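> For the protein sequence lines, the chains are D and X, in the order given.
All letters in the first sequence, in the order written, are residues 126 to 207 by the working numbering.
All letters in the second sequence, in the order written, are residues 3 to 419 by the working numbering.
No lab work stands behind these hints, which were simulated from the structure alone.
Hints may contain errors.
Claimed, not checked - Below, a list of computed lysine-lysine pairs in the BS3-like style, where the Cα atoms sit at most 27 angstroms apart: (1) D/K149 x X/K327; (2) X/K325 x X/K416; (3) X/K327 x X/K249; (4) X/K94 x X/K327; (5) D/K205 x X/K126; (6) D/K134 x X/K126.
Predicted model, so just to flag it, every value in this text is computed and none were measured.
Residues per chain, in single letters:
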Amino acid sequence: MTEKEIYDKLETIINTYLPEDVSKNAIQADSDLTKELNINSSHLVDIVLDVEDTFNIALTNEDMEKLHTVKDAIFIIQSKLI
Amino acid sequence: MVTGLGVVAPNGVGLPAFSNALKKGISGIRFFPQLKTLHFSCQIGGMPQIAEALKKNYFTELQLKNFNSSGILYGVMAGLDAWKHAGLGINKGDVDFDSGTVFGVGTLGVDKFRESIHFIDAGKTRRLGSTTVQQTMSSGVSAYLGGILGLGNIVTSNSSACSTGTEAIIMAYERIKSGKAKRILAGSTSDGGPYVWAGFDALRILPYKYNENPTCASQPMSVNACGFVPGCGAGALVLETLESAQKRDATIYAEIIGTAVNSGGQRNGGSMTAPNAIAVQQCIREALLDAEIQGTAIDAINGHLTATSKDVEEIASWSKALKRKGRGFPFINSLKGMVGHCLSASGSIEAVATVLQLHKQFLFPNINCEKIHPEILKIIDSECIPKQQKNVPLNIIAKASFGFGDVNACIIFKKKN
């Protein structure tokens with residue numbers, strides 16, 4: 126899977142959890158999910174579950190701790206897909 | 003002052019549909035194939051029918067993701083409807099410290115909890131997602147409402163079994179009266195379905211001979227009363243100070259002039275499941291005293307009257323407390339003939355019906371009561387139990403609810419002149 130393919134799928138997942146006043150266009154590779162996109166921190170666990178289902182991978186608690194930005198997510202996904 | 007009403011009932015979702023069903027005596031009791039599959043004795047119940055598309059008028063897409071709590075669904079719909087009915091907008095701005103909610107529950111999010119239990123038992127706790135707590139905590143419904151409306155005063159959920167709804171209104175009324183809030187969204191909700199109703203089925207207090215004939219099953223005050231039909235839904239009232247209502251030029255649908263709650267202590271014939279009649283009478287008397295009226299001032303009663311053998315006892319208690327009998331007894335009706343017993347939601351749904359009756363000056367019909375119980379007729383005249391919609395002048399209606407744990411609640415509603 127190319128980075129672009131991962132990014133597109135990830136963007137769809139993240140879009141679901143954006144607050145009403147944040148548009149999809151705000152999602153950038155280095156956007157911080159909670160601090161910049163204002164996603165409720167409790168929804169990070171939902172994003173992780175959706176990522177696991179979409180990419181058929183499993184994330185550990187340690188992976189979650191490293192997950193802050195869209196880029197972080199892509200890196201984690203890529204490492205699991207190898 | 004009651005300035006707004008909202009309702010999600012088995013026989014009508016939304017105030018116009020419910021009001022129409024109420025006047026016409028339309029039953030909301032249905033057969034549920036799932037209950038048959040699960041070998042329930044009673045395979046019927048009352049459950050509001052809500053289209054998927056309608057949910058989007060109350061919840062965001064994100065809120066509906068993995069959403070599986072019928073009590074929160076009903077409560078939020080009824081609550082927001084009442085708020086809008088009162089002419090209040092959905093607050094998108096700052097927190098409103100003058101407004102709160104007391105929104106009662108029995109058990110909440112049972113289906114979500116069941117879904118979670120399956121994950122947990124399979125060793126997949128981390129798959130629960132982020133919203134299991136908020137959907138299954140008892141105060142989930144008030145938490146959702148508080149967030150949507152930006153409420154900054156009390157935001158809580160009371161619980162007292164089948165008197166929950168009436169108690170919620172009383173708690174809200176008392177807080178407003180004490181000057182601690184200007185406006186409170188008061189109401190209650192109940193989950194429905196097999197996992198809520200099963201315990202009652204096991205108690206064998208539900209009718210089991212009407213699975214082929216559901217709309218005839220719930221028969222309050224009838225000689226054929228054979229148990230209550232389980233139901234669910236939500237009712238909500240906006241209560242506010244007269245000053246606040248007048249300032250907004252709000253329509254006042256009724257006012258509350260007296261209230262009382264008590265318990266029979268599970269003594270003197272009272273138990274976990276049965277009321278102590280002395281306590282019931284005392285509760286009604288205290289409400290009259292609080293309203294500073296005599297029993298003779300009551301034009302009509304909206305009873306608890308669940309369609310069990312206890313109906314006779316309830317009529318006897320009203321008669322003793324009001325000191326009225328025969329033809330001198332007020333009109334009395336029970337909504338449960340139409341919607342069944344909506345458990346923790348019953349008090350609030352029935353309070354909505356009570357306020358509608360005062361505002362529109364009619365009595366809704368007692369359905370499935372063709373033959374009144376002979377023991378009831380020894381106490382009051384059959385004329386007191388209208389079987390058709392009756393348009394009569396109504397000034398004061400008393401509403402009471404009783405619940406497991408031997409708890410009682412009574413409200414005196416008055417038409418606002």
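> Are the hints correct? Go through all of them and say.
Hints and how they fare:
1. Between D/K149 and X/K327 the alpha-carbon distance is near 69 angstroms, which puts this suggested pair outside the 27 angstroms criterion.
2. Between X/K325 and X/K416 the CA atoms are separated by roughly 20 angstroms; this keeps the pair inside 27 angstroms, and the hint holds.
3. The straight-line distance between the Cα atoms of X/K327 and X/K249 is roughly 43 angstroms, outside the 27 angstroms bound, and the hint therefore fails.
4. The straight-line distance between the Cα atoms of X/K94 and X/K327 is roughly 53 angstroms, outside the 27 angstroms bound, and the hint therefore fails.
5. Between D/K205 and X/K126 the CA atoms are separated by roughly 20 angstroms; this keeps the pair inside 27 angstroms, and the hint holds.
6. Restraint check for D/K134 and X/K126: the C-alpha separation of about 24 angstroms stays at or below 27 angstroms, so the hint holds.
The structure does not agree with the numbered hints 1, 3, 4 stated previously, though it agrees with the rest.
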